[in-house]
Amino acid sequence: MRTQTYELNMGPQHPSTHGVLRVILELDGETVIRAKPVVGYLHRGIEKICESKSYPQVLPYADRLDYLHSMGNALGLCQTVEKLMGVEVPERAEYIRVIMAELSRIASHQIFLGSLVGECGALTGFVFAIRDRERILDLFDMACGARMTFHYIRYGGVVQDLPEGWVEACRKFLDDFDGMMETYRNLLVGNEILQARLKGIAVLSAERALAMSASGGVLRASGVNYDVRKAEPYGIYNRFDFDVPLGTVGDSWDRMMVRLGEMEQAARIVRQALDQMPEGPVMAKVPKLIKPPPGEIYHHVENSKGDLGYYLVSDGSPKPYRLHVRRPAFVNLQLLDELCRGYLLADVVPILGTLDPVLGEVDC
Amino acid sequence: MSENLFAKLTEHQLSDLAGLGCQLDGEGACLLTVPAERLLAVMKMLRDDVASSMNYLGDITAVDRGEAGFEIIYQLFSVTRGVKATVKVKVPKDKPEVPSVVSLWPGADWMEREAYDLMGVTFAGHPELKRILLDEDFAGHPLRKDFRMQPRE
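Protein sequences, first through last, are from chains G and R.
Going by the working numbering, the letters in the first sequence line up with residues 1 to 364, in that order.
Going by the working numbering, the letters in the second sequence line up with residues 1 to 153, in that order.
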């Protein structure tokens with residue numbers, strides 16, 4: 001029997017598109033023939049805005065790119081500017097930055113996990129992940145007074161030292177973290193329905209993932225060992241002992257399992273950082289007026305979505321001449337079309353979930 | 001730890017690159033400045049050559065240098081060998097066009113579309129060079145220095 005293909009519009013206001021993503025689906029019955037992502041609904045022109053702002057004014061915009069991993073974004077931008085200026089960050093600040101970035105990674109992956117399983121119908125898993133994430137947001141709140149968009153990491157260090165009792169609170173969280181992971185594994189990894197929804201779906205080969213410039217969990221699920229923290233250690237990441245979880249098949253299931261593994265590794269880094277963290281100042285001597293010398297620099301960090309890069313051109317003035325952000329979620333989202341083809345309409349949402357886009361970052 | 005690409009190349013390969021019109025700047029950044037018409041040949045050599053095998057295209061972006069024209073900057077990385085390099089192409093202000101590298105790295109698709117959309121650089125040979133972040137009927141390319149920002153009505 002011949003059927004006629006038809007177009008179905010999904011989004012931009014759709015609860016499972018992680019923001020304002022629009023996908024134009026071409027369907028044959030329930031089978032996806034094409035899934036064309038349409039982006040730009042959240043485009044704020046951050047790169048252009050930054051050209052008319054002073055460097056300290058630019059920093060809060062980094063928090064608003066991938067708002068689930070704000071600490072990592074700010075860390076990347078600060079290191080870019082510091083590298084160009086030749087600023088030496090105090091030891092203690094380096095450790096605090098790593099702790100914050102890794103806690104942020106766990107929180108971001110909890111959203112990933114929660115939304116992915118929630119979209120597959122496991123709303124309990126969603127609630128558990130969000131409940132546990134709240135513990136991390138409380139830690140951030142304690143350190144800088146904000147649950148999101150922190151503006152905590154600044155050029156030269158961090159804005160203030162950790163308050164009294166913070167390290168203990170963080171250790172308490174880490175003690176409970178193993179229990180949280182056990183819950184996720186029992187509730188979700190062992191879940192037959194979730195396995196049926198994710199295993200063998202949307203397989204991405206290692207060669208294709210590399211050719212498509214995928215990064216982060218999407219790339220590593222396909223078995224490519226590329227993590228900026230290992231490939232080009234920035235800050236003090238070479239002092240920590242951690243593994244890079246890799247997938248073998250490259251399907252949706254591997255993309256989820258890699259993120260689960262990354263959460264455990266992030267907790268491992270935080271534990272080591274808490275043990276090694278020295279006392280001392282948390283802010284370097286940075287001039288009041290930040291004017292990097294003329295030049296250009298590309299610096300990249302591993303954030304929860306992948307390889308986040310900043311390309312900064314300075315003309316020696318207090319404002320960036322050009323600031324470009326290489327946004328991993330934007331580049332990864334290209335894969336949606338080819339991953340969805342041939343699968344069912346119901347698979348589109350979990351496939352999109354495993355790509356883990358944050359539209360604040362995609363649209364910039 | 002990633003290393004400088006030039007340290008890994010043989011004399012012969014270096015002279016091959018120079019023969020293609022590349023200016024090599026090994027000081028820190030590992031920067032290759034390539035004429036636009038030779039870009040594809042150089043990129044292909046960087047990707048396929050065993051000594052470099054730049055199998056990962058990190059980023060494509062463009063910078064408006066005013067009267068001096070535009071610069072298009074590519075960040076390359078070798079996942080297998082852990083080396084990196086930056087490739088830069090300078091194009092004149094009145095004809096900002098470079099060949100597309102989508103045929104070498106299909107992941108360049110959206111990166112080039114973004115640079116086209118916001119900076120107005122044309123990537124010849126791109127399969128679908130359309131605006132990606134802005135509306136199709138948007139006038140101008142906002143990241144250009146001569147773009148006038150309009151106040152909201």
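Errors might be hidden in some of the hints.
As the list claims (entries may be wrong) - Heads up, simulated DSS-like pairs for lysine-lysine below, C-alpha to C-alpha not over 25 Å straight-line:
| hint | chain 1 | residue 1 | chain 2 | residue 2 |
| --- | --- | --- | --- | --- |
| 1 | R | Lys88 | R | Lys44 |
| 2 | R | Lys145 | R | Lys93 |
| 3 | G | Lys319 | R | Lys44 |
| 4 | G | Lys48 | R | Lys90 |
| 5 | R | Lys145 | G | Lys319 |
| 6 | G | Lys288 | G | Lys48 |
| 7 | R | Lys130 | R | Lys93 |
| 8 | R | Lys93 | G | Lys319 |
| 9 | G | Lys288 | G | Lys83 |
| 10 | G | Lys53 | G | Lys291 |
| 11 | R | Lys130 | G | Lys319 |
| 12 | G | Lys319 | G | Lys48 |
| 13 | R | Lys95 | R | Lys44 |
| 14 | G | Lys53 | R | Lys145 |
| 15 | R | Lys93 | G | Lys48 |
| 16 | G | Lys285 | G | Lys53 |
| 17 | G | Lys48 | R | Lys130 |
| 18 | G | Lys291 | G | Lys319 |
| 19 | G | Lys48 | R | Lys95 |
| 20 | G | Lys48 | R | Lys145 |
| 21 | R | Lys88 | G | Lys48 |
| 22 | G | Lys291 | R | Lys145 |
| 23 | G | Lys83 | R | Lys88 |
| 24 | G | Lys199 | G | Lys230 |
| 25 | G | Lys36 | R | Lys44 |
Unchecked claim - Partial list, computed: chain R residues near chain G (C-beta under 8 Å):
| hint | residue |
| --- | --- |
| 26 | Cys30 |
| 27 | Leu40 |
| 28 | Val42 |
| 29 | Gly58 |
| 30 | Gln75 |
| 31 | His126 |
| 32 | Leu129 |
| 33 | Leu133 |
| 34 | Asp137 |
| 35 | Pro142 |
Don't read these hints as lab results, they were simulated from the structure.
Glycine included, every Cβ here is placed at the ideal spot set by N, Cα and C.
Original post:
What hint numbers does the structure not satisfy?
Top reply: Checked against the structure, the hints that fail are numbers 3, 11, 24, 25, 26, 27, 28, 31, 32 and 34, while the rest are satisfied.
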